[in-house]
Amino acid sequence: ETGVTQSPTHLIKTRGQQVTLRCSSQSGHNTVSWYQQALGQGPQFIFQYYREEENGRGNFPPRFSGLQFPNYSSELNVNALELDDSALYLCASSQGTYVNEQFFGPGTRLTVL
Amino acid sequence: AQRVTQPEKLLSVFKGAPVELKCNYSYSGSPELFWYVQYSRQRLQLLLRHISRESIKGFTADLNKGETSFHLKKPFAQEEDSAMYYCALKGYGNKLVFGAGTILRVKS
Numbered sequence: 001e002t003g004v005t006q007s008p009t010h011l012i013k014t015r016g017q018q019v020t021l022r023c024s025s026q027s028g029h030n031t032v033s034w035y036q037q038a039l040g041q042g043p044q045f046i047f048q049y050y051r052e053e054e055n056g057r058g059n060f061p062p063r064f065s066g067l068q069f070p071n072y073s074s075e076l077n078v079n080a081l082e083l084d085d086s087a088l089y090l091c092a093s094s095q096g097t098y099v100n101e102q103f104f105g106p107g108t109r110l111t112v113l
Numbered sequence: 114a115q116r117v118t119q120p121e122k123l124l125s126v127f128k129g130a131p132v133e134l135k136c137n138y139s140y141s142g143s144p145e146l147f148w149y150v151q152y153s154r155q156r157l158q159l160l161l162r163h164i165s166r167e168s169i170k171g172f173t174a175d176l177n178k179g180e181t182s183f184h185l186k187k188p189f190a191q192e193e194d195s196a197m198y199y200c201a202l203k204g205y206g207n208k209l210v211f212g213a214g215t216i217l218r219v220k221s
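Taken in order, these protein sequences are the chains called A and B. Letter by letter, the first sequence follows residues 1 to 113 of my numbering. Letter by letter, the second sequence follows residues 114 to 221 of my numbering.
Calculated from the structure, these hints are not laboratory results. Possibly wrong hints are sitting among the right ones.
Here are a few chain A residues that face chain B, going by a calculated C-beta distance under 7 angstroms [what the hints assert, rightly or not]:
no. : residue
1   : P8
2   : Q41
3   : G42
4   : T97
5   : E101
Computed footprint of chain A on chain B; a stretch qualifies when at least three of its residues, placed anywhere within it, have a C-beta under 8 angstroms from a C-beta of chain A [unchecked claim]:
no. : segment
6   : 152-161
7   : 196-208
8   : 212-218
Yeah, the Cβ is synthetic: ideal placement off N, Cα and C, and Gly gets one too.
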């Protein structure tokens, strides 16, 4: 059984650019949730994908978008990057949409200059 | 509104001393609460959930609806308990709302 993986580990972008972050869910899991963790803060829910459809969204603007693929892996896309988007982005997978037990990936550290 | 408050950024205790990490929540529905832990250089992982009423690694947490609290307790701290601890609430839309976290430092 493989755990949740994320790529890349680190990323540096400039303001206005676009970025794509990737997440492979744990074997047997069909749901992926994305979180943004700013420095010194707890993770903040961005959105969740279940069976390739968005299934819940936090308080993030539309320039944060996502995809889920038939193999349940997922992408987080952020357009028009702003300095405040600098954060650790975590994905978590689970079996079903119930967040009773989510397994987190190691995260992608995004720096926007 | 749904909110989780962890009032202490850092809690420092000696090995063998009791530990209590505080968590207060704000939620109008029936809450489901969790504690997550992140050890150094490891990923975030679930420690315990209130519905299971379990004890993991000697830690327990009791939901107090009257005080809207879900404090994490351990009678005797060990050095390997040093980590970042997050309290989380399952809120509307089946999403997790996290507190800002508390660093627990256990000194020898």
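Hint check results:
This hint is violated: A/P8 has a C-beta 16 angstroms from the nearest C-beta of chain B, more than the 7 angstroms allowed. With a least beta-carbon distance of about 5 angstroms to chain B, the hint placing A/Q41 at the interface is held under the 7 angstroms criterion. Hint on A/G42 holds. Least Cβ distance to chain B is approximately 3 angstroms, under the 7 angstroms limit. The interface hint given for A/T97 holds, since its Cβ lies 6 angstroms from the closest Cβ of chain B, which is under the 7 angstroms cut-off.
Taking 7 angstroms as the C-beta contact cut-off toward chain B, the hint placing A/E101 at the interface holds, the least distance being around 6 angstroms. Against chain A, the segment 152-161 of chain B contributes 4 residues with a C-beta closer than 8 angstroms to a partner C-beta. That satisfies the three-residue criterion, and the hint holds. With 6 residues carrying a beta carbon less than 8 angstroms from a beta carbon of chain A, the segment 196-208 of chain B meets the three-residue requirement, and the given coverage holds. Look at the segment 212-218 of chain B against chain A: 3 of its residues bring a Cβ nearer than 8 angstroms to a Cβ of that chain, three or more, so the hint holds.
Of the numbered hints given earlier, the model fails hint 1 alone.
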